[in-house]
Amino acid sequence: MFSPFSLSGLANEEIEEEIVVVASRTPTLASEVIGSVTSISQADIELQMIDGLEQLVRFIPGVSSQKESQYGRALTEDIQIRGIQGGGIFLIDGVRISDSYVGYGRDTVDTDLLKKVEILKGPSSVEYGSDGLAGTVAYFTKDPSDLAESGERYLSVNTAYDGVNNQEKINLLAAYSGDSNEGLIQLVDRKLEEIEIHDGFSMEANPLEAEQQSLIAKFISKPNENLKISLVADIQEWEGKWEINSEQGFVYFPSPRSISSSAGDDEGTRERFTVRLDTAEGNLFYDQANISIYSQETEQSQITVQNQVSFYNGMQAAPTPSMRIRDFDFNQSIDGFVFEAFKTNGIHQMVYGLDFNDTDTERPRMLTEINLITNIPTNTVDGETYPNKTFPDSETKRKALFFNDRISISSNQILNLGFRYDEYELNPKPDALLENANILNYQVNNIKDDAFSLKLGYLYDFNDQLTGYAQYAEGFKAPNYENSNIVFTNYLLYYTVVPNPNLDSETSKSYEIGLRGNKDDLSWEMALYRNKVDGFIRYEVIGFSQTGLGIYQYNNVDNVEINGFELDLQKRVSNNFSLNLALSSSSGDEIKSNGEVVSLAEVDPKEMVLGPLNLGTLLMKSLD
1 MFSPFSLSGL
11 ANEEIEEEIV
21 VVASRTPTLA
31 SEVIGSVTSI
41 SQADIELQMI
51 DGLEQLVRFI
61 PGVSSQKESQ
71 YGRALTEDIQ
81 IRGIQGGGIF
91 LIDGVRISDS
101 YVGYGRDTVD
111 TDLLKKVEIL
121 KGPSSVEYGS
131 DGLAGTVAYF
141 TKDPSDLAES
151 GERYLSVNTA
161 YDGVNNQEKI
171 NLLAAYSGDS
181 NEGLIQLVDR
191 KLEEIEIHDG
201 FSMEANPLEA
211 EQQSLIAKFI
221 SKPNENLKIS
231 LVADIQEWEG
241 KWEINSEQGF
251 VYFPSPRSIS
261 SSAGDDEGTR
271 ERFTVRLDTA
281 EGNLFYDQAN
291 ISIYSQETEQ
301 SQITVQNQVS
311 FYNGMQAAPT
321 PSMRIRDFDF
331 NQSIDGFVFE
341 AFKTNGIHQM
351 VYGLDFNDTD
361 TERPRMLTEI
371 NLITNIPTNT
381 VDGETYPNKT
391 FPDSETKRKA
401 LFFNDRISIS
411 SNQILNLGFR
421 YDEYELNPKP
431 DALLENANIL
441 NYQVNNIKDD
451 AFSLKLGYLY
461 DFNDQLTGYA
471 QYAEGFKAPN
481 YENSNIVFTN
491 YLLYYTVVPN
501 PNLDSETSKS
511 YEIGLRGNKD
521 DLSWEMALYR
531 NKVDGFIRYE
541 VIGFSQTGLG
551 IYQYNNVDNV
561 EINGFELDLQ
571 KRVSNNFSLN
581 LALSSSSGDE
591 IKSNGEVVSL
601 AEVDPKEMVL
611 GPLNLGTLLM
621 KSLD
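No gaps in the numbering here: position 216 of the sequence shown is 216 in the working numbering, and each next residue is one more.
It should be emphasised that the hints constitute simulated quantities derived from the structure, not laboratory data. Keep in mind it's a predicted model, so treat the numbers as computed, not measured. Glycine included, each C-beta is placed from N, C-alpha and C at the ideal position. Honestly, I wouldn't trust all of these hints.
[Claimed, not checked] DSSO-like mimics (lysine-lysine), calculated; alpha carbons at most 27 Å apart, straight line:
id, residue 1, residue 2
1, K142, K241
2, K532, K606
3, K191, K67
4, K228, K115
5, K509, K397
6, K115, K191
7, K222, K115
8, K571, K519
9, K222, K343
10, K532, K571
11, K241, K169
12, K241, K191
13, K399, K448
14, K399, K343
15, K606, K67
16, K399, K429
17, K509, K532
18, K241, K67
[As the list claims (entries may be wrong)] Across the chosen pairs, the derived CB separations fall in these ranges:
id, residue 1, residue 2, range
19, Y511, N379, 51 to 61 Å
20, Q443, P387, 14 to 24 Å
21, G163, H348, 51 to 61 Å
22, Q66, Y252, 25 to 35 Å
23, D504, D189, 23 to 33 Å
24, D146, F339, 19 to 29 Å
25, M49, Y154, 16 to 26 Å
26, M49, N446, 23 to 33 Å
Whole structure, please, built from the sequences with the hints as guidance.
Below, the structure written as structure tokens:
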């Protein structure tokens, strides 16, 4: 009753084919998707023991994610899709996940809660708005109906151990399904000890002891056959204790000191609450529709304690023992509303709607140094005064209208047309903590922008075993709170970072052609693409002040062009084993206004991955 578009015309074996949503916001057979989408199932996650973003994308051509070190923590910072770093949108059940920031990872979603992950490669602003320069990662959590048939109950308890990081995990999952209501609750508890984490610069390992608790609860009420009301609570807490050995030793700059120990204590929470109403009581304007109201809050704290001796009076004088306590936070909340309507009219399968959200972001920083002889603390350390903020508290407002139409031209041809209009507004809220960093009193800026994004695609089924497609897609990414308004000055390090009131949105245009096929136990997909990015934003030195301060700023560089090729091949060897070969090759150039072409260093090199994939899916089928 609540499937937006009917699949009743398909044979039973075709109905079992994988359905994906991320490419056009409409449920579509994977073989009929226009564009490149990779899906990772719950079985894949479980049998490959995937517990983070880096592992999630390791077999996907054109997609990569690596650990980066900030403040001694080696964490998965962000994702690169087809050569564009940080140009993707992350969603969980349609709700944006908080941004990643310096020193904080992207792994704020427990993979054990998921039934599926879909990754759309290519601009996705038509579907999801700003930040969709390169693609979208969509997480989908389990529903009661995935586990229990009507009138049934489901209960599972399992434990797991991973020797790579000494991780112990307990997973409790219960669900029930009735005629008028359904429910689900899942609890996951993880503990790990990872001793071989490196910061990317030093060979000294930074051991980590961590734990994480995750809870998701869903209650679904069905007052009648055409109405469904869903309540969701999704809560995660995590804590990590680091021995930051890579920070130990003698430091000459910005002030000489010898660090004898450095320990980190990190904490974080993510809380999401959603109310959703689905109706299948159609009318002139829609066959089915849904409304979602949601609120999500993410809070992250990093505390670092260093014991050291400092040479305040030069290397010839006696050192002073001291302790540094650093507490840097990153907090973000998002409240939003989404309306989607689905309408089938002859050869047209349409989805349209509204998407509003309001995001508040803050980044307070505190650092105290205590003289252990006098016990006198100071908050002026290495040329900065704390507490401070290097960008103002910011409110980001997004408003959008979207429309997509899949048109069945004939039995073997589909035309897809999508467009979206976005309004973007960034409102800074400067305060006294910003003034502590902004000692030169630079002006922070409000930003207002809008964008019209277009997607046009065509699919042709040559026969039952070969399908081709071509697609043109647009994306954009508006300047965020840091790009436009980061501001601070450090006289000891002799540089200043200034806001940019003239920063433009990045825009992308992508051209892609692809083929996918299958024969017997072999399936494959290949794609050729060209992405053109205008106004690529980069952090750079723009000059020097009259007093000699180096001046840094985010700026729009000239145009960037990325060309690439991807191949994904799967061979089923037996009922419970398959092999996967993934190839990707891309190159990027920055094209300056004077015609000079400079190679883009950010683009991933050629990659090849060979290994077992979809083992879980095949194993599950063999056990049926």
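Status of each hint after checking the structure:
no.: 1; hint: K142 to K241; in the structure: 31 Å, violated
no.: 2; hint: K532 to K606; in the structure: 20 Å, holds
no.: 3; hint: K191 to K67; in the structure: 20 Å, holds
no.: 4; hint: K228 to K115; in the structure: 21 Å, holds
no.: 5; hint: K509 to K397; in the structure: 24 Å, holds
no.: 6; hint: K115 to K191; in the structure: 22 Å, holds
no.: 7; hint: K222 to K115; in the structure: 22 Å, holds
no.: 8; hint: K571 to K519; in the structure: 10 Å, holds
no.: 9; hint: K222 to K343; in the structure: 22 Å, holds
no.: 10; hint: K532 to K571; in the structure: 34 Å, violated
no.: 11; hint: K241 to K169; in the structure: 18 Å, holds
no.: 12; hint: K241 to K191; in the structure: 12 Å, holds
no.: 13; hint: K399 to K448; in the structure: 12 Å, holds
no.: 14; hint: K399 to K343; in the structure: 22 Å, holds
no.: 15; hint: K606 to K67; in the structure: 19 Å, holds
no.: 16; hint: K399 to K429; in the structure: 20 Å, holds
no.: 17; hint: K509 to K532; in the structure: 5 Å, holds
no.: 18; hint: K241 to K67; in the structure: 17 Å, holds
no.: 19; hint: Y511 to N379: 51 to 61 Å; in the structure: 53 Å, holds
no.: 20; hint: Q443 to P387: 14 to 24 Å; in the structure: 22 Å, holds
no.: 21; hint: G163 to H348: 51 to 61 Å; in the structure: 54 Å, holds
no.: 22; hint: Q66 to Y252: 25 to 35 Å; in the structure: 29 Å, holds
no.: 23; hint: D504 to D189: 23 to 33 Å; in the structure: 46 Å, violated
no.: 24; hint: D146 to F339: 19 to 29 Å; in the structure: 25 Å, holds
no.: 25; hint: M49 to Y154: 16 to 26 Å; in the structure: 23 Å, holds
no.: 26; hint: M49 to N446: 23 to 33 Å; in the structure: 46 Å, violated
The structure fails to meet hints 1, 10, 23 and 26 from the earlier list, while all remaining hints are met.
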